[in-house]
Amino acid sequence: MSAGNNVTVETLTLLEERLQRIDYALNGYNSPLERHQPTPQPPGPATARLRHLEKALQTLTLEHEAVANTIALHNTNPSLFHPGGPAEIAKTLPADSLASVVISHASLYTSTCTNLSAIQATPISDPSSAAELTKLQPRIEQISAKQEQQARQVAELRSRSAKAVEQWYSGGVLGMGERWANWEERSRDAEILIRRKEAAKKREAEGLI
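In this text, residue positions in the sequence shown follow the numbering used here: the first is 25, and each later residue adds one.
Misleading hints may appear alongside valid ones.
Unchecked claim - Derived DEER-like restraints, expressed as beta-carbon distance ranges:
#, residue 1, residue 2, range
1, Gln44, Ser183, 47 to 57 Å
2, Lys79, Gln177, 43 to 53 Å
3, Ala70, Tyr48, 15 to 25 Å
4, Glu87, Leu38, 14 to 24 Å
5, Gln174, His129, 52 to 62 Å
6, Leu198, Lys170, 39 to 49 Å
Unchecked claim - Pairs of lysine-lysine residues, derived as BS3-like cross-links and limited to a Cα-Cα distance of at most 27 Å, are as follows:
#, residue 1, residue 2
7, Lys187, Lys170
8, Lys159, Lys79
9, Lys159, Lys170
I should point out that these hints are in silico values taken from the structure, not numbers from a laboratory. Model, not experiment: these values are computed from the prediction. We put the CB at the ideal spot given by N, CA and C, even for glycine.
Generate coordinates for the entire structure from the input sequences, incorporating the hints supplied.
Printed below as a string of structure tokens:
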């Protein structure tokens with residue numbers, strides 16, 4: 025195998041490893057790339073591997089907005105991802121200026137070293153808990169949909185209860201009040217009529233005597 029072929033194979037291998045790391049960071053174990061290729065395949069031709077990489081990157085771009093935004097940012101501002109090296113900057117500064125820069129930032133080197141050591145000593149959390157949460161996602165969505173349905177049913181019951189109370193008040197309380205008023209009016213009319221008849225009978229009886 026020629027040196028050019030070795031460089032091509034190593035480059036493709038590095039690209040595949042980087043893409044797998046990105047896929048794992050975004051999706052964990054249950055990733056779409058693993059679903060598309062559940063069993064490891066032996067290395068194929070460079071063109072086939074390159075097509076597979078493009079397809080996998082397209083899958084991540086469609087499923088994750090962050091990947092699409094990063095690619096769009098790279099297309100519009102490639103200099104952000106390929107800045108000038110420190111060697112180029114160092115050539116433009118004299119030695120005394122470089123020394124003053126290093127001395128002024130000495131505390132940053134110490135703090136950065138301490139932070140990196142702390143990060144390196146930090147244990148990586150068990151991914152099984154995240155995998156369990158991912159498995160529970162369908163149940164969580166189902167429970168959320170059920171809660172929304174129950175909330176709609178409760179709102180409907182409240183509306184129906186308010187209408188029932190309104191009908192009871194208008195048809196029961198107010199209607200009964202109107203009936204009592206009608207009965208009292210009829211009772212007064214009947215009482216007046218009875219008194220008139222009794223008075224007429226009394227006058228008639230006194231006239232006969």
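Outcome of range test on Cβ distance (glutamate 87, leucine 38; 14 to 24 Å): 23 Å, holds
Pairwise beta carbon distance, alanine 70 to tyrosine 48, judged against the given window 15 to 25 Å: 24 Å, holds
Cβ separation of lysine 79 and glutamine 177, checked against the hinted range 43 to 53 Å: Holds: the Cβ-Cβ distance is about 46 Å, inside 43 to 53 Å.
Outcome of range test on Cβ distance (leucine 198, lysine 170; 39 to 49 Å): 41 Å, holds
Glutamine 174 paired with histidine 129, Cβ distance criterion 52 to 62 Å: 60 Å, holds
Pairwise hint evaluation, lysine 79 against lysine 159, where the allowed Cα distance is 27 Å at most: The hint holds at about 26 Å.
Proposed proximity, lysine 170 with lysine 187 (alpha carbon, max 27 Å): 26 Å, holds
Pair hint outcome, lysine 159 versus lysine 170 [Cα-Cα no greater than 27 Å]: Within the cut-off at roughly 18 Å; holds.
Distance restraint hint 47 to 57 Å, applied to the beta-carbon atoms of glutamine 44 and serine 183: 54 Å, holds
Comparing the model with each numbered hint stated earlier shows that all of them hold.
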